[in-house]
Amino acid sequence: MYTQALDVQGLEPAAPIDAASLEQRFLERVDAEEKIEPKDWMPNRYRNTLIRQISQHAHSEIVGMLPEGNWITRAPTLLRKSILIAKVQDEGGHGAYLYSAAETLGVSRDQLVEQLLCGKAKYSSIFNYPTPTWADVGAIGWLVDGAAIMNQIPLCRCSYGPYARAMVRICREESFHQRQGYDLMLQLARGTAEQKRMAQDALNRWWWPALMMFGPPDAESTHSSDSQRWKIKRFSNDELRQKFVDFTVPQARFLGLTLPDPLLRWNEATERHEFGPIDWNEFNQVLKGNGPCNVERLAARRAAHEEGAWVREAAMAHAEKQRRRKASIAA
Amino acid sequence: MGERVEDKHQWPLYEVFIRARGGLDHKHAGSLHAADAPMAIEHARDVYTRRQEGVSIWVVRSTDITASDPADADSLFEPARDKVYRHPTFYEIPDEVKTL
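Those protein sequences? They're chains G and F, same order as listed.
So for the first sequence, our numbering puts the first residue at 1; every next one is plus one.
So for the second sequence, our numbering puts the first residue at 1; every next one is plus one.
Take the hints with a grain of salt, since some may be wrong.
If we take Cβ atoms under 7 Å as the criterion, some of the chain G residues that face chain F in the derived model are [said to hold, decoys possible]:
{"hint": "1", "residue": "Lys39"}
{"hint": "2", "residue": "Asp40"}
{"hint": "3", "residue": "Pro43"}
{"hint": "4", "residue": "Gly93"}
{"hint": "5", "residue": "Ala96"}
{"hint": "6", "residue": "Met316"}
{"hint": "7", "residue": "Ala319"}
Derived from the structure by calculation, the hints contain no laboratory data.
Built from N, CA and C at the ideal position, the CB exists for glycine as well.
Work out the full structure, taking the sequences as your base and the hints as a guide.
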């Protein structure tokens with residue numbers, strides 16, 4: 001059941017079973033690949049880790065509507081416009097699935113939205129980069145959604161049931177996002193010299209931020225070990241990043257475009273690609289709020305929330321009026 | 001009905017059930033917030049059936065659902081475990097007997 005309105009607070013059993021044995025049983029269930037459901041006992045640290053991760057993920061989907069939404073009115077054809085609208089609508093839907101999953105852990109939607117709008121909650125740093133050209137829409141679909149899929153597929157097997165189920169739904173839809181992006185890049189890469197230059201320029205700007213999406217290197221990742229123990233996370237940041245590079249290099253080659261990394265090379269011995277150092281200083285700056293579009297993105301979300309307030313209130317007032325009218329007819 | 005006034009500004013939570021095709025049961029798809037049931041149906045259409053996932057939608061206020069407690073799982077479901085005679089495979093029927 002997807003609701004915290006049901007009694008999730010009934011966590012403390014009447015008979016004082018000690019916390020250690022509850023935790024032991026919880027870990028055994030996780031080890032046995034059983035899913036943990038909202039009303040099951042879980043350690044507070046597990047609950048808080050999930051709330052943080054799922055809500056950050058939800059915020060990322062919602063903020064992620066903005067960079068591409070920027071191009072809806074200027075898409076070059078009606079078909080591309082329809083595709084882009086469908087994709088942006090999907091991102092909104094993904095945000096909705098994920099907020100619902102987070103709410104099963106006992107946090108309200110209002111709290112989550114408030115955390116985003118006041119700047120306390122984080123969202124994926126990638127969405128703080130601008131989309132100055134149409135090719136950015138292609139590069140985002142291909143690289144950003146590609147990296148997201150790489151991160152998200154293992155989450156379909158995450159130990160927390162509602163999150164895993166939301167991710168199954170999301171992954172099913174995400175593949176369309178990546179393919180429409182690659183298709184757009186392919187069309188530009190096969191177009192005029194100017195179009196190809198535009199595609200290359202977008203690739204140059206999105207490549208490194210896409211690699212940063214996998215998070216800090218394993219050695220510096222603060223949340224990883226608990227998450228792996230609890231089977232929330234199945235692969236390390238560096239493993240997934242490497243896999244993404246290995247998948248993407250041949251795709252770029254097929255486009256006839258060059259990845260902006262002079263150190264990128266195939267290693268015969270390891271059968272993997274080696275790539276240059278990532279500028280973690282840039283990543284940290286963007287995360288701290290100093291990226292090119294942080295201020296703009298949050299301002300857009302706040303405006304949408306504030307300007308929509310009267311609609312939400314009016315809908316509630318209308319629903320209440322209908323309910324009363326029905327009640328008085330019945331009386 | 002949900003007389004409890006929660007947060008005035010927060011739309012109540014609804015659970016969504018979708019029938020994927022005619023002939024199948026409605027199945028829990030997820031949840032969403034809406035001001036009332038008609039809006040919940042409209043939102044469910046947009047959130048859960050963008051790719052023809054359904055032909056029919058049910059919505060119900062989450063607070064109107066009563067659920068069993070996981071702590072009671074043993075007393076509720078355990079008694080069924082040792083009643084193997086409830087299953088047809090418990091009975092060995094001689095090969096000569098057909099269509100049984």
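Violations among the numbered hints, reported as their numbers in ascending order:
3
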